[in-house]
Amino acid sequence: MKKLNDQDTSKSFQRKTVGVWASMKFVVGIRRVLIMSMALIYFVSIGIPVFWITTLFAVASLIAVFMEFPTGAVADYDSRRKSLMISFFLLAFAYFGIFLVSNFWLISFFWIMGEVAWTFNTGAGGAWVVDNLKVGKEKKGIVRLISKGFLFQKGGFLVGGLVGLFVIAINFRLIWLVGAVLYLVLLFLMWRFGEERNFKPEKIPAGYLKKSFLKAGESYKFLFSKAGRNKKIMMLGGFVGAIAGGIFWIGMPLMIVESLKLLPEHLSGFQSVFALITLSIPFMAKKMKLSKGFGSYLFFIYSITAVFIVLFGLSSSLTYAIILLGAVIFVLGIAEVIGDSASHYVSDSKIRASLGSIGSINGYVANAIGIFVAGVLFTQYGIPAGIVVSGALVFIQGIVYLWMKGD
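So this note's numbering is basically just the index in the sequence shown, starting at one, shifted up by 2.
No wet-lab data here; the hints were simulated from the structure. Do not take every clue at face value.
[Stated by the list, open to error] Below, computed lysine-lysine pairings styled on BS3-like, alpha-carbon distance capped at 30 Å:
1) Lys263 <-> Lys150
2) Lys234 <-> Lys84
3) Lys27 <-> Lys136
4) Lys228 <-> Lys407
5) Lys223 <-> Lys13
6) Lys407 <-> Lys136
7) Lys84 <-> Lys27
8) Lys136 <-> Lys150
9) Lys263 <-> Lys18
10) Lys84 <-> Lys150
11) Lys13 <-> Lys84
12) Lys234 <-> Lys150
13) Lys13 <-> Lys234
14) Lys223 <-> Lys84
15) Lys263 <-> Lys84
16) Lys223 <-> Lys18
17) Lys27 <-> Lys13
18) Lys228 <-> Lys136
19) Lys18 <-> Lys150
20) Lys136 <-> Lys84
21) Lys136 <-> Lys223
22) Lys234 <-> Lys27
23) Lys263 <-> Lys407
24) Lys84 <-> Lys18
25) Lys223 <-> Lys234
26) Lys136 <-> Lys234
[Unchecked claim] Pairwise CB distance ranges (calculated):
27) Phe91 <-> Gly21: 13 to 23 Å
28) Lys18 <-> Gly49: 41 to 51 Å
29) Ile398 <-> Leu64: 22 to 32 Å
30) Leu404 <-> Val52: 34 to 44 Å
31) Leu176 <-> Val309: 31 to 41 Å
32) Trp54 <-> Arg199: 38 to 48 Å
33) Pro51 <-> Ala171: 17 to 27 Å
34) Phe91 <-> Met38: 40 to 50 Å
Each residue gets a CB set at the ideal place from its N, CA and C atoms; glycine is no exception.
Please work from the sequences and hints to get the whole structure.
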């Protein structure tokens, strides 16, 4: 009887863990389509120059770099759950602040707060669910878990796009209020239903700054060891990809809205349609045998993505641009599921969150470089040329993953 009760408790714990995590991925989906992809257009709509905005985005990314290890230390030394709750609270506060103000400097303060808040989330979310469910070294188990999270995230894309279609048409500013409320809901869910198991805090008599250096040392030692080879290659590929992303995701809304004259709310609506199409990706990912290893699959997927991005950049027709954008988002979705699965598979559980922080540092620095390069390319050579360059970088990213061995 006791064994049956333990099994029931374990199943209940797993359901709650997956439920909270799925809610996190759902909100991330809404955040990406409703806030992150529309922020540039919103700031332009209230009269802030594009150069000021791209500079803010780049500076915020660099500031976040310096917060990654201190926030990663919270997750790896103390509690992944605590780190996530801090993130949710600060994100809600930051988005509510942007909702209330129109002054560029005040917006900058809250935007940077939001970027810092996100550093408490990076690494911690994946580490929390993977360690809770003990699937860190199960290739198929990780793919199934990441696929399930992807399904909910794209569900968030779908809902976020539909919400944006109406909310933006009523009052563009309301996207920030929606974001604040969603993160308050997540804060409640994690507080009420989120537990933490299979993780033992390390009691080290030191402040977070010293803890940060200690965990950073462990992480870099792993990366430069034989065991960390594939993780290091994943991060190199991610660095190149983040530069490409910094260019593409700045250029895409500018091209669609400013050059091809699509209304912002309609772009939000189209992204909802794209999300509906990508809901099939988790089922495709579960069917993949991955017998050739993650690297070969990632090379193939990113090569296709590069072609679609280049064709998108060269398109002068709104119809073709929308179709190609949908293709880019679909193929990138497959890459996201396989890439996230590979990243967790090649990570050391003890420093999983800190390794995620290193990955985020790479991403923030590369994204800042990409945004800076985007500003130069778009100003000097035009938006299409910049997007073509981002496609070339994505192809290079795919080549990097071919160096992975024994994955």
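Results of checking the hints against the structure:
Between Lys263 and Lys150 the CA atoms are separated by roughly 36 Å; this puts the pair beyond 30 Å, and the hint is violated. Among the hinted pairs, Lys234 with Lys84 is consistent with the structure: their alpha-carbon atoms are about 28 Å apart, no more than 30 Å. Between the alpha carbons of Lys27 and Lys136 the distance comes to roughly 19 Å, so the proposed pair stays at or under 30 Å and holds. Distance restraint check for Lys228 and Lys407: the Cα-Cα separation of roughly 11 Å lies within the 30 Å cut-off, and the hinted pair is therefore satisfied.
Among the hinted pairs, Lys223 with Lys13 is inconsistent with the structure: their alpha-carbon atoms are about 36 Å apart, more than 30 Å. Taken as a hint, the Lys407 and Lys136 pair is honoured in the structure, with Cα atoms around 24 Å apart against an allowance of 30 Å. Restraint check for Lys84 and Lys27: the C-alpha separation of about 18 Å stays at or below 30 Å, so the hint holds. A distance of roughly 16 Å separates the Cα atoms of Lys136 and Lys150; the hinted pair therefore holds under the 30 Å criterion.
Using a Cα cut-off of 30 Å, the hinted pair Lys263 and Lys18 is violated, with the two alpha carbons roughly 45 Å apart. With a C-alpha separation of about 24 Å, the suggested pairing of Lys84 with Lys150 holds against the 30 Å cut-off. Using a Cα cut-off of 30 Å, the hinted pair Lys13 and Lys84 holds, with the two alpha carbons roughly 23 Å apart. Between Lys234 and Lys150, the direct Cα distance comes to roughly 26 Å. Compliance with the 30 Å bound is thereby established for this hinted pair.
Restraint check: the Cα-Cα separation between Lys13 and Lys234 comes to about 35 Å, which exceeds 30 Å; the hinted pair is violated. For the given pair, Lys223 sits about 26 Å from Lys84 by alpha-carbon distance, which is consistent with the 30 Å threshold. Between Lys263 and Lys84, the direct Cα distance comes to roughly 44 Å. Violation of the 30 Å bound is thereby established for this hinted pair. Of the supplied pair hints, the one linking Lys223 and Lys18 is violated, its CA atoms being roughly 35 Å apart against a limit of 30 Å.
Straight-line distance between C-alpha atoms of Lys27 and Lys13 comes to about 21 Å, which keeps the hinted pair within the 30 Å bound. Our distance criterion of 30 Å between C-alpha atoms is met by Lys228 and Lys136, whose separation comes to about 24 Å. Proposed proximity of Lys18 and Lys150 is supported: the alpha carbons are some 14 Å apart, at most 30 Å. Between Lys136 and Lys84 the alpha-carbon distance is near 19 Å, which keeps this suggested pair within the 30 Å criterion.
A C-alpha spacing of about 24 Å is found between Lys136 and Lys223, which places the hinted pair at or below 30 Å, so the restraint holds. For the hint linking Lys234 to Lys27, the alpha-carbon distance of about 26 Å falls within 30 Å, and the restraint holds. Under the criterion of a C-alpha separation no larger than 30 Å, the hint pairing Lys263 with Lys407 is inconsistent with the structure, at around 46 Å. Pair hint Lys84 plus Lys18 holds up; C-alpha atoms about 17 Å apart against a cutoff of 30 Å.
Between Lys223 and Lys234 the alpha-carbon distance is near 11 Å, which keeps this suggested pair within the 30 Å criterion. Of the pairs offered as hints, the one joining Lys136 and Lys234 holds, with about 23 Å between alpha carbons and a cut-off of 30 Å not exceeded. Taking the beta carbon of each, Phe91 and Gly21 are about 20 Å apart, inside 13 to 23 Å as hinted. At about 46 Å, the CB distance of Lys18 to Gly49 agrees with the hint of 41 to 51 Å.
Here the CB-CB span from Ile398 to Leu64 is close to 23 Å, well matched to the stated 22 to 32 Å. The supplied range of 34 to 44 Å is met by Leu404 and Val52, whose beta-carbon atoms lie about 37 Å from each other. About 37 Å separates the C-beta atoms of Leu176 and Val309, a value consistent with the hinted range of 31 to 41 Å. At about 46 Å, the CB distance of Trp54 to Arg199 agrees with the hint of 38 to 48 Å.
The given range of 17 to 27 Å is respected by Pro51 and Ala171, whose C-beta atoms sit roughly 25 Å from each other. Take Phe91 and Met38: their Cβ atoms lie about 19 Å apart, and the range 40 to 50 Å is violated.
Hint violations for this structure: numbers 1, 5, 9, 13, 15, 16, 23 and 34, all remaining hints satisfied.
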